[in-house]
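Peer 1: Chain Y: place on chain S using the hints.
For reference, the chains in residue letters:
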Amino acid sequence: MEIIKTNKLTKIYNNNGMKVLAVNNVDLSINEGEFTAIVGPSGSGKTTLLNMIGGLDNITHGRVEISGTDISTLTDNQLIDFRLQNIGFVFQAYNLIPVLTAKENVEFIMLLQGISEKERKLRSEELLRDVGLVDKLNVRPNQLSGGQQQRVAVARALASKPSFILADEPTANLDSSSTANLLDMMAEMNEKEKVTFLFSTHDQRVIDRAKRIITIEDGKIISDERT
Amino acid sequence: MRSLIVISSIVMGIWAGIFVVAFSYGLNKQRTQNSIKNSISHIQIHHPEYQKDYDSKFYLKEPDLIKTTLDADSTIKAYAFRSLLNGMVSSPVKSSGVRIIGVNKNQEKELTSIYAGLVNGNYFESKRRNPILVGQALAEKLKIKVQSKVVLTFQDSENNIVSGAFRVCGIFKTQYTKHDQGNVFIENKDIQRLLKSEEFHQVALLCNSIEQVDSTYKKLKTNLTNYEVKDWKSISPELAYADKIMESWLFLIMVIIMLALIFGIINTMLMAIFERRKELGMLMAIGMNRSKIFFLVLTETLFLSIIGAPTGLLLGALTIKITSQTGINLGIIAQGLESVGLSAIIYPEIQPHFYLFITIMVFLFTLIAAIYPSRKALKLKPTEAIRTI
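Which chain is which? The protein sequence lines are S and Y, in order.
As numbered in our numbering, residues 1055 to 1281 make up the first sequence, in order.
As numbered in our numbering, residues 2 to 390 make up the second sequence, in order.
If you are wondering where the hints come from, they were derived from the structure by calculation, not from laboratory data.
All C-beta atoms in this analysis are idealised placements derived from N, C-alpha and C, irrespective of residue type, glycine included.
Hints should not be assumed to be uniformly reliable.
[Stated by the list, open to error] Now the stretches of chain S that chain Y is said to cover, found in silico as 3 or more residues with beta-carbon under 8 Å:
#, stretch
1, 1108–1114
2, 1127–1138
3, 1142–1148
[To be verified] Facing chain S, a subset of chain Y residues (Cβ under 10 Å, in silico):
#, residue
4, Asp74
5, Lys279
6, Met283
7, Met285
8, Met289
9, Lys293
10, Lys382
In isolation and in its complexed conformation, chain S is listed as follows:
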């Protein structure tokens, strides 16, 4: 089943009067359960493409459909709510809330969704167990390693039960062992629970594990391969 569909997706930035074409007429389709990496050199437009798919950046031309909904037709508040219910985000710099514990960070998104305290508690503990951090429930981010923080971020992204997870360079700040652990964990979730992942990366270790590799250069898709 098709979860993400872009049609002639274009992004033009206005950089001090100079127009920069970041994403150029991209047509893309991602199905449920895919483990896809968008790869390309720095400045190729990977992050911009991901941001537009995630509804974080305005679209200049074209459209993005998520599970059949054209997100460009949504108002700001509708789009925020749409993201809350449908998309999980994993950021390069983890972006956990420093004053909350690992468990509270995972629970927070469910709190925004209005889920009951009991359910939040159960689900956050279950997710943190799945990412191998059951012993770090009440630990704050500054007491966790980079790899552990990114695992909490993945648990947080999964907490809202999204249609798919967008991960922008999730391994950029991690060492080899943490990267391997994180990729194992995400691959397992993809295999067992059919969680759809869409990465932007230029990390070869991620590319090696991806089932589909979309290469982008100068804002255009130049190859789309399935392994």
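Peer 2: Just chain Y, lined up with the frame of chain S:
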């Protein structure tokens, strides 16, 4: 640390506000009380023509009627009949224009602070004839001391020049240098002997409390229609005006302090948002809507004032409680203060309703201060905020 700075600025702002308000209120109240106590009293009664040019021929015609009326009024604490003359006091070295006040020593003792303010000599207790009380400032000017001889010169009701020799029995000092320099007190019997008639030009009276003045004033005005009855507000309009504008003045002071507080809070909260824009951007990205972001920042700011306001109020109340008993000694500028009728020791005082007023103002101003940073937070773009390192 940042929150601590905001809380501290709220605490300091409220404390300073309360203190300035209490100090100003205490200062003004003391000035009014000093004037009432030293010279003008609560109410004065004169011949209707007397105050036009202070001519001694306009004396009170029926003093017994006035006395009976005053004795019948239980709100009156004390009164004194006075003879008033404008004249000259001369020592062997210098002369000075003064108002000569003829008093009944026992009545006057209850009415003014001249007796309590004696710094040298005695209060008309001398066996010698024609005792006179002079202010310390006048004594210094005339270079006289207790037992010195002075000559008083004035006009009687028929414009004849009358002179009399008086001996200084005591020197007094009030909180108003000009009063001490411009008034001398002698006994009624002495002045009446010189004038060869029993004339009173003024009755000054004190009520049991300042709150009773209005009603007593109205009663006396009704009962003594042949006389001019004036309350302290009409005798000294500048005091009444100061009293009237004090509340507006204190309100203005508080607004100025609160404005300074607002800018402090805005600055700190903007810094807080700048430092946390990555966090706020992430919250927006994962699905926290704009109204929640707005209320998050707003609540945080208000929460800081909820902690800061009671602490500031408590600290302010404690400071006022202590200083209202010990006073604040401004001895270093005593001369300047006394030249405008103020004591060197100020006792801050605050009316209870001001605490409520300040509390409401703090919350109101904090709310206003929180709006701009909250709106600023809304303008953050998640993609740009997240990218920030």
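Peer 1: Work down the list of hints and note, for each, if the structure agrees.
Peer 2: Against the structure, the hints come out as follows:
1. 1108–1114: That given contact holds, which follows from 3 residues of the stretch 1108–1114 of chain S lying within Cβ reach (below 8 Å) of chain Y.
2. 1127–1138: Check passed, 6 qualifying residues.
3. 1142–1148: Three-residue rule met by the stretch 1142–1148 of chain S, so holds; n is 3.
4. Asp74: violated (70 Å)
5. Lys279: holds (6 Å)
6. Met283: holds (4 Å)
7. Met285: Holds - the Cβ of methionine 285/Y comes within 10 Å of chain S, reaching about 7 Å at its closest.
8. Met289: holds (6 Å)
9. Lys293: Result: holds, 7 Å to nearest chain S Cβ.
10. Lys382: holds (8 Å)
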